[in-house]
Amino acid sequence: MKKLLFFIPFVVFIALGVVFYQQLGKDAEYMPSALVGKQMPEFKLVDMASDTVVSNSAMPNEPYLLNFWATWCPSCSVEHAYLGELAEQGVKIVGVDYKDETPAAKKWLEERGNPYSLVLLDEMGRFGVDMGITGAPETFVVSAEGKVLYRHQGVVDAEVWQTLKEYMQ
Amino acid sequence: MIGRWVIAALCMLSVWGGAVFATEVLEFNSPDEQQRYRVLIEELRCPKCQNQNLEDSNAGIAIDLRNQVYSMINEGKSNDEIVDYMVARYGEFVLYRPVHDQSTAVLWYGPFALLLIGALIFILVVVKNKRQANKDA
Chain V
1 MKKLLFFIPF
11 VVFIALGVVF
21 YQQLGKDAEY
31 MPSALVGKQM
41 PEFKLVDMAS
51 DTVVSNSAMP
61 NEPYLLNFWA
71 TWCPSCSVEH
81 AYLGELAEQG
91 VKIVGVDYKD
101 ETPAAKKWLE
111 ERGNPYSLVL
121 LDEMGRFGVD
131 MGITGAPETF
141 VVSAEGKVLY
151 RHQGVVDAEV
161 WQTLKEYMQ
Chain C
1 MIGRWVIAAL
11 CMLSVWGGAV
21 FATEVLEFNS
31 PDEQQRYRVL
41 IEELRCPKCQ
51 NQNLEDSNAG
61 IAIDLRNQVY
71 SMINEGKSND
81 EIVDYMVARY
91 GEFVLYRPVH
101 DQSTAVLWYG
111 PFALLLIGAL
121 IFILVVVKNK
131 RQANKDA
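Protein chains in written order, with full-length UniProt numbering: chain V, 1 to 169; chain C, 1 to 137.
One or more hints might be untrue.
As the list claims (entries may be wrong) - Below 30 Å or equal to it, Euclidean Cα-Cα: the simulated DSBU-like pairs (lysine-lysine) are:
#  : chain 1 : residue 1 : chain 2 : residue 2
1  : V       : 44        : C       : 48
2  : C       : 48        : V       : 92
3  : V       : 44        : V       : 92
4  : C       : 77        : V       : 38
5  : V       : 106       : V       : 147
6  : V       : 147       : C       : 48
7  : V       : 147       : V       : 165
8  : C       : 77        : C       : 48
9  : C       : 48        : V       : 38
10 : V       : 26        : V       : 147
11 : V       : 147       : C       : 135
12 : V       : 107       : V       : 44
13 : C       : 48        : V       : 165
14 : V       : 38        : V       : 26
15 : V       : 107       : V       : 26
16 : V       : 2         : C       : 48
17 : C       : 135       : V       : 26
18 : V       : 107       : C       : 48
19 : V       : 106       : C       : 48
20 : V       : 3         : C       : 48
21 : V       : 44        : C       : 77
22 : V       : 165       : V       : 92
23 : C       : 128       : V       : 3
24 : V       : 38        : V       : 92
25 : C       : 130       : V       : 3
26 : V       : 26        : V       : 165
27 : V       : 92        : V       : 107
28 : V       : 2         : C       : 128
29 : V       : 2         : C       : 135
Hints are computed from structural coordinates only; laboratory data are not their basis.
Next up, chain V with everything else stripped away, as it sits in the complex (with noise of 0.2 Å):
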């Protein structure tokens, strides 16, 4: 009995190093959002084509990307190509100008190409705060009826539309 006290220590250590190991390789930066299984909020935004103020019903009526973007977001370059080829794929993408100037925007738009349906743009970044973003690009699988999937934080690619496919169907 006394000698199995001296285990102790080793045992502790083998339970800690299984817990460790198993958050080797993990993405601390990864938070699940609290959006996931809601209903998207109510907004009102302007739509940069039209420049009027559209809210929710003039989201397409079949599973959708939204799309956050912007001018000054390094990534965002360098996803914006690939958006651009789900585009011609079919894929609705509605986009979210976020937090910055609508004239660079427009222009960024003109120059590279646009695969988006609608452009919101959200200037103050309210819109950003009630969809829980932390920053550009993030990107949200949002269902016919509004409801929100999936959200991915960072660039969209190939190997990251494998897994938003399958939230679209």
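Dock chain C against chain V, hints included.
Chain C in isolation, oriented as in the chain V frame:
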């Protein structure tokens, strides 16, 4: 020569001026509200830079959320309403003081359980040693 000094002085002034503007000057209706603001931005965590609270962080989102806390206080919202607003958007993750529920029970009560176990072992050892000493005497 004097002109140079004037330019130097002006440069210094512009530097100080910038520093003054860099610290946010927020006006509150009462010292009580100012105190609530301090406490809230200290207890809410920045969702971008996870080991800082809203007060310490200079990330864009932290600045936005600080402004949000400020305007909600000015609108007369209670602390609970402000915290609920943040949790609805960013999850319980934003709370530096986690809520008491099943998933956080170990966090809240684990240390006390360990302390209790430690105390029990300590008492057992002391009692045992005393018995041993009595036997030897």
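Okay, the hints, checked on the actual structure:
no.	hint	result
1	V:44 / C:48	25 Å, holds
2	C:48 / V:92	28 Å, holds
3	V:44 / V:92	20 Å, holds
4	C:77 / V:38	24 Å, holds
5	V:106 / V:147	29 Å, holds
6	V:147 / C:48	24 Å, holds
7	V:147 / V:165	16 Å, holds
8	C:77 / C:48	25 Å, holds
9	C:48 / V:38	22 Å, holds
10	V:26 / V:147	28 Å, holds
11	V:147 / C:135	75 Å, violated
12	V:107 / V:44	24 Å, holds
13	C:48 / V:165	26 Å, holds
14	V:38 / V:26	26 Å, holds
15	V:107 / V:26	38 Å, violated
16	V:2 / C:48	50 Å, violated
17	C:135 / V:26	56 Å, violated
18	V:107 / C:48	29 Å, holds
19	V:106 / C:48	28 Å, holds
20	V:3 / C:48	49 Å, violated
21	V:44 / C:77	22 Å, holds
22	V:165 / V:92	12 Å, holds
23	C:128 / V:3	17 Å, holds
24	V:38 / V:92	20 Å, holds
25	C:130 / V:3	22 Å, holds
26	V:26 / V:165	23 Å, holds
27	V:92 / V:107	22 Å, holds
28	V:2 / C:128	14 Å, holds
29	V:2 / C:135	20 Å, holds
In this structure, the hints that do not hold are numbers 11, 15, 16, 17, 20, in rising order.
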